[in-house]
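Input sequences plus hints: build the corresponding full structure.
Heads up: the protein sequence lines correspond to chains A and B, in order.
Read in order, the letters of the first sequence are residues 1 to 144 in our numbering.
Read in order, the letters of the second sequence are residues 1 to 143 in our numbering.
Just so you know, these hints were derived from the structure itself, not from any lab.
Careful: at least some of the hints might be erroneous.
[Said to hold, decoys possible] Here are the computed distance ranges between Cβ atoms for each label pair:
hint, chain 1, residue 1, chain 2, residue 2, range
1, A, Ala144, B, Leu67, 48 to 58 Å
2, B, Leu67, A, Arg80, 41 to 51 Å
3, A, Arg140, B, Ser71, 51 to 61 Å
4, B, Gly47, A, Thr66, 17 to 27 Å
5, B, Ala50, A, Gly37, 40 to 50 Å
6, B, Glu73, A, Pro41, 19 to 29 Å
7, A, Phe36, B, Ile119, 23 to 33 Å
8, B, Asn81, A, Lys63, 46 to 56 Å
[Claimed, not checked] Covered stretches of chain B (in silico footprint by chain A; criterion: 3 or more residues with CB under 8 Å from a CB of chain A, positions within the stretch not fixed):
hint, stretch
9, 26-33
10, 37-44
11, 56-62
12, 66-76
13, 86-92
All values reported here derive from a predicted model rather than from experimental measurement.
A virtual CB, placed ideally from N, CA and C, is assigned to each residue, including glycine.
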Amino acid sequence: MQRIVIAALSGGLFGAGLLVSGMTDTTKVQGWLDVFGAWDPTLAFVLGGAILPMLLAWHLTTKRATSLVGAPFPAKPDPRLGHNLVIGSVLFGAGWGLVGLCPGPAIASLSWGGTGGITFILAMIAGMILAQPIRLQIDRLAAA
Amino acid sequence: MIQADWIWGLVGGLMIGMGAAVFLLGNGRIMGASGIIGGLVDRSGLGNWAERVAFLAALVVVPALMLPLFSVEVSTNITTNLAIVVAGGLLVGIGTRLANGCTSGHGVCGISRFSLRGIVATVFYLLAGGLTMVLFRHVLGVI
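Shown next as structure tokens:
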């Protein structure tokens with residue numbers, strides 16, 4: 001139960017922050033990516049603001065043995081990069097630029113995003129299903 | 001950029017970071033939107049489905065409840081070109097699962113722990129997003 005309450009608190013803060021920061025507005029996200037157009041620096045303040053509490057949070061994980069619910073903290077990040085990290089990030093960035101939505105804001109704006117927002121979410125879910133066979137195919141080509 | 005936008009960006013960003021900090025210090029988990037959704041979609045995260053559903057439900061409901069606080073109409077201003085919407089959604093879904101993360105997981109949670117993977121992913125999705133704007137807005141003029 002405790003885990004569920006904490007998850008809801010986290011999701012609520014995330015959603016509130018995405019709305020307040022303007023990141024559910026696709027024109028602001030595309031404005032940030034449009035370096036050669038009417039560039040909008042807002043996203044840099046959002047990312048910078050979000051990293052600050054997390055710097056403290058990661059520091060606190062070194063002072064405690066477990067999280068509040070007694071779960072272990074995430075393992076050290078894998079130093080290996082791998083082709084899927086780069087290929088996936090490039091594909092993600094292209095889709096992010098095309099529409100101006102990433103997964104968090106797409107879900108957060110569900111209640112007012114209209115049919116366009118719902119269509120984006122359904123296509124994203126389809127993409128997540130397609131990612132499994134695509135990953136196998138890429139790994140097969142990389143091994144060849 | 002309208003004058004106060006960067007202040008709201010910073011305030012909202014701090015709230016996003018606090019959400020991520022609550023998930024990390026509370027449940028010992030990384031707050032990555034694509035991973036939380038993707039684990040339900042491909043069933044790899046069904047072991048803790050309830051916490052994923054609770055996170056996503058609050059992610060939808062809390063901003064919905066805040067809408068009346070805004071004096072101006074809140075809009076996503078999403079393109080009406082459905083082909084672009086579908087293509088973008090597919091790319092975001094495929095890409096975030098291949099890369100194991102998106103703006104929240106690699107960007108917010110990864111960079112703040114100086115993860116090389118998070119930093120490299122962020123550099124590549126920012127570059128790809130910028131190039132997409134150049135090609136599709138300034139060259140082709142379709143977005």
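Here's how the hints hold up against the structure:
1. Between Ala144/A and Leu67/B the Cβ separation comes to about 52 Å, which falls inside the hinted range of 48 to 58 Å.
2. As the Cβ distance of Leu67/B to Arg80/A is approximately 43 Å, the hint placing it in 41 to 51 Å holds.
3. A C-beta distance of roughly 55 Å is found between Arg140/A and Ser71/B, which places it inside the suggested range of 51 to 61 Å.
4. Checking the proposed 17 to 27 Å range against Gly47/B and Thr66/A shows it holds: the Cβ atoms sit about 18 Å from each other.
5. Take Ala50/B and Gly37/A: their Cβ atoms lie about 44 Å apart, and the range 40 to 50 Å holds.
6. In this structure, Glu73/B and Pro41/A meet the distance hint of 19 to 29 Å, their C-beta atoms being roughly 24 Å apart.
7. Between Phe36/A and Ile119/B the beta carbons are some 24 Å apart, a value that agrees with the proposed interval 23 to 33 Å.
8. For the pair Asn81/B and Lys63/A, the supplied restraint of 46 to 56 Å holds, since their beta-carbon distance comes to about 50 Å.
9. As drawn, the stretch 26-33 of chain B meets chain A at 7 residues by the rule of a beta-carbon pair under 8 Å; at three or more, the given contact holds.
10. Three residues within the 8 Å Cβ limit are the bar, and the stretch 37-44 of chain B against chain A gives 4, so the coverage statement holds.
11. With 7 residues having a Cβ less than 8 Å from any Cβ of chain A, the stretch 56-62 of chain B passes the three-residue criterion, so the hint holds.
12. For a cut-off of 8 Å, the count of residues in the stretch 66-76 of chain B with a CB near a CB of chain A stands at 5, and the three-residue condition holds.
13. Taking a C-beta to C-beta cut-off of 8 Å, the stretch 86-92 of chain B contributes 7 residues in contact with chain A, enough for the three needed, and the coverage statement holds.
Against the hints set out earlier in the document, no violation occurs for any number.
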